[in-house]
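Construct all of the structure, not just a fragment, from the sequences and the given hints.
These protein sequences, in sequence, are chains Z and C.
Its first residue numbered 0, the first sequence is counted upward by one per residue in numbering that gives the first Met the number 0.
Its first residue numbered 0, the second sequence is counted upward by one per residue in numbering that gives the first Met the number 0.
Please note that the accuracy of each hint is not assured.
Subject to a maximum C-alpha distance of 25 Å in a straight line, what follows is the list of computed DSS-like cross-link-like pairs (lysine-lysine) [stated by the list, open to error]:
no.	chain 1	residue 1	chain 2	residue 2
1	C	K111	C	K6
2	Z	K16	Z	K111
3	C	K507	C	K90
4	C	K16	C	K6
5	Z	K16	Z	K120
6	C	K252	C	K317
7	Z	K1	C	K397
8	Z	K1	C	K421
9	Z	K120	C	K421
10	C	K317	C	K397
11	C	K421	C	K393
12	C	K459	Z	K120
Here are the simulated distance ranges between beta carbons [as the list claims (entries may be wrong)]:
no.	chain 1	residue 1	chain 2	residue 2	range
13	C	E184	Z	D11	50 to 58 Å
14	Z	T21	C	E281	22 to 30 Å
15	C	T479	Z	E4	50 to 58 Å
Residues on chain Z that point at chain C, a partial pick, calculated with CB under 7 Å [to be verified]:
no.	residue
16	D36
17	A38
18	K62
19	M63
20	I88
21	N90
If you are wondering where the hints come from, they were derived from the structure by calculation, not from laboratory data.
Idealized CB from N, CA, C, for every residue including glycine.
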Amino acid sequence: MKVMEGLYYTNDHEWLKLDGTTATIGISDYAQEMLGDVAYIELPDAGESFAAGDAFGVVESTKMASDLYMPVSGTVLEKNTEAEDDPGIVNRDAYGAWLVKIELTDAAEVEKLLDAATYEKGLDA
Amino acid sequence: MTYDYDKTIFELSAEGKQGYRLPPVDGRQGGGRQDAAPTNAPDTLRNVGAACSRPPEIPVIPESLRRAVPPLLPQVSEPEAVRHFTRLSQKNYGVDGGFYPLGSCTMKYNPKVNEEVCALPGFAGLHPYQPAETAQGALQLLHELGEAFCAITGMDEFSLQPAAGAHGELAGLMIIKNYHASRGEGHRKTIIVPDSSHGTNPASAAEAGYHIVQIDSNADGTVCLAALETALADGDIAGLMLTNPNTLGLFEKDILKIAELVHAAGGLLYYDGANLNAILGEARPGDMGFDVMHINTHKTFSTPHGGGGPGAGPIGVKAHLSEFLPTPRVVKDGDAYRFEDVGPNSIGKLRGYFGSFGVLARAWTYIRTMGAAGMKEVSEAAVLNANYMKEALKGPYKLPYDHVCMHEFVLDGLADAAEGVKTVDVAKRLIELGYHPPTIYFPLIVHNALMIEPTETESKETLDAFLAAMRQIADEAAKTPEVLTAAPGNTPVTRVDELRAAKTPKLKWEEVS
Chain Z
0 MKVMEGLYYT NDHEWLKLDG TTATIGISDY AQEMLGDVAY IELPDAGESF AAGDAFGVVE
60 STKMASDLYM PVSGTVLEKN TEAEDDPGIV NRDAYGAWLV KIELTDAAEV EKLLDAATYE
120 KGLDA
Chain C
0 MTYDYDKTIF ELSAEGKQGY RLPPVDGRQG GGRQDAAPTN APDTLRNVGA ACSRPPEIPV
60 IPESLRRAVP PLLPQVSEPE AVRHFTRLSQ KNYGVDGGFY PLGSCTMKYN PKVNEEVCAL
120 PGFAGLHPYQ PAETAQGALQ LLHELGEAFC AITGMDEFSL QPAAGAHGEL AGLMIIKNYH
180 ASRGEGHRKT IIVPDSSHGT NPASAAEAGY HIVQIDSNAD GTVCLAALET ALADGDIAGL
240 MLTNPNTLGL FEKDILKIAE LVHAAGGLLY YDGANLNAIL GEARPGDMGF DVMHINTHKT
300 FSTPHGGGGP GAGPIGVKAH LSEFLPTPRV VKDGDAYRFE DVGPNSIGKL RGYFGSFGVL
360 ARAWTYIRTM GAAGMKEVSE AAVLNANYMK EALKGPYKLP YDHVCMHEFV LDGLADAAEG
420 VKTVDVAKRL IELGYHPPTI YFPLIVHNAL MIEPTETESK ETLDAFLAAM RQIADEAAKT
480 PEVLTAAPGN TPVTRVDELR AAKTPKLKWE EVS
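Okay, structure coming up:
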């Protein structure tokens, strides 16, 4: 189980990679390990807007179904249709298999997210 | 032997074989002719359908409602049909075949006397449209069962209509909704559930049109009062759904405080009866402050489990909610019983007729044969059995919540296992050793959960044999992990590809070319 440096994290196990005013979002390696084999992923279409903490999609494994939560507020620019077609990529490479790219509403919200070290510490607790 | 049997009934089928005999159709309705299959049917269907020939001309059934092609049904003789289903049943695993410690499901033995009572001709031969005055015994049974449930749970009135536990949940939530609407508080749109709740709770609440808020548990696995207060402060709370003892098998010791908080916020308290088997004769949801609840008769009151039904999920309410119950209710006037309309605030009729009568007759029989003292013994033995097993397994397996448990307990997987050995492998190895595995990966807050509920009907010898199997598996997990990861090898179907089963399920029979 690995936590990748240089990304932001949430307590709900999403990761966020910041790139100017846009961000790429996925789920952490810990999340994919807890879920087990992922069977389905439902993602929002480009143009949909969400507030921080909103459920923006669903990930379903052979063990459980879970909502995906927006780490920050934003509007979807693009979704990873490859992840919808072949959800197993999340299990194979959690940090490579991004789910959505968003345009941030408020860049300051990123500061409320966890850094890799803090997130990893939370997992051990 | 029977494990080798893997035929579908369509594979036994051959044209012209027949396992039934129908009486001739009443001549007045159109002559009783047995028409051949229509000539426009495809050949294969015509062949298969020959034995189930086209229904005779019955003028009252318009042409538009008749089949053009006979249904695709297998053609087998009576002994073939009997052997086929007997062999399939022998491949199945049930409580009558062995120990079944499936947590949260209360897989207790179902006494056979229950079957005798519900098969009595006066019950089994009832017609649902029979006038109430000619079905007094059945109405008496329903009335007495409602009274017994009230005595056991501390509620004031029961409706026996709902057809299953989840149906009962929906009924209860509809009652909560009608209650708030009747007070001009229809804006209450939120139902709170703890993170350890059964998945049916949020599902039923969503089905009833509610928004769901999930609250975290304390480190000890019970409801976090601070999280509850925060959720209640957000307003618009319609109610809280809770099971007590909870899904971790722990008693919610703050229940009176929880009830006070929910009621002070204007909400109602819903009791999920899933874990009622732990508290019979010891504590009552009605005394804990719950306003509405359902009972899973198949768990606590020894009626058959699942398989698509029929089931029963009676709901009980406190007096202030009686006017919202499903209609009709059974009332007693002197020595006579009759149906009575519940009135304009009722949530209406939830099911055809009066509930699953045969199931309810079994529950009534169980309560009458056990008596009040027996009920108390049920829970005491269920709790004792669970604690006995918990203590025996807490070395080789992780026990995340180490308290005295109620009727069940949750382990967090193996304490010491080779790399790659998971909870699911323990379950598969148990199947190989002849046991139905415990519930795994639920509740979700315990990631490697093995949820064990022995019930009161198992002997110490049975429990000890299962514990020995669990210890053996823990030993294998460390020393010979391949034994676990390859299991089960002795079942009709070995390790199933769960991902493929979820993604591309084959749900009906079809000819493989």
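Outcome of the hint check:
1. With a C-alpha separation of about 31 Å, the suggested pair C/K111 and C/K6 falls outside the 25 Å cut-off, and the hint is violated.
2. Of the supplied pair hints, the one linking Z/K16 and Z/K111 holds, its CA atoms being roughly 14 Å apart against a limit of 25 Å.
3. Distance check on the hinted pair: C/K507 and C/K90 sit about 19 Å apart at the alpha-carbon level, within 25 Å; holds.
4. Our distance criterion of 25 Å between C-alpha atoms is met by C/K16 and C/K6, whose separation comes to about 17 Å.
5. For the hint linking Z/K16 to Z/K120, the alpha-carbon distance of about 19 Å falls within 25 Å, and the restraint holds.
6. At most 25 Å may separate the alpha-carbon atoms for a hinted pair to count; C/K252 and C/K317 meet this at roughly 22 Å.
7. A C-alpha spacing of about 23 Å is found between Z/K1 and C/K397, which places the hinted pair at or below 25 Å, so the restraint holds.
8. About 19 Å separates the Cα atoms of Z/K1 and C/K421, which keeps this hinted pair within 25 Å; it holds.
9. Proposed proximity of Z/K120 and C/K421 is supported: the alpha carbons are some 24 Å apart, at most 25 Å.
10. The hinted pair formed by C/K317 and C/K397 fails the criterion: a straight-line CA distance of about 41 Å is larger than 25 Å.
11. A C-alpha spacing of about 17 Å is found between C/K421 and C/K393, which places the hinted pair at or below 25 Å, so the restraint holds.
12. For the proposed pair C/K459 and Z/K120, the alpha carbon gap of about 44 Å is over 25 Å, so the pair is violated.
13. Our hint of 50 to 58 Å for C/E184 and Z/D11 is violated, since their Cβ atoms are close to 32 Å apart.
14. In this structure the hint that Z/T21 and C/E281 lie 22 to 30 Å apart at CB is violated, the actual value being about 59 Å.
15. Roughly 38 Å separates the CB atoms of C/T479 and Z/E4, a value that falls outside the hinted 50 to 58 Å.
16. Below 7 Å, beta-carbon pairs count as interface contacts, and Z/D36 has one with chain C at about 4 Å; its hint therefore holds.
17. A cut of 7 Å between beta carbons decides the hint on Z/A38: the least distance to chain C is about 4 Å, and the hint holds.
18. A cut of 7 Å between beta carbons decides the hint on Z/K62: the least distance to chain C is about 5 Å, and the hint holds.
19. Using the Cβ-Cβ criterion of 7 Å, the hint placing Z/M63 at the interface with chain C is satisfied: the shortest such distance is roughly 6 Å.
20. Taken as an interface hint, Z/I88 does not check out: its beta carbon lies about 13 Å from the nearest beta carbon of chain C, beyond 7 Å.
21. Because the beta carbon of Z/N90 sits about 9 Å from the nearest beta carbon in chain C, more than 7 Å, this interface hint is broken.
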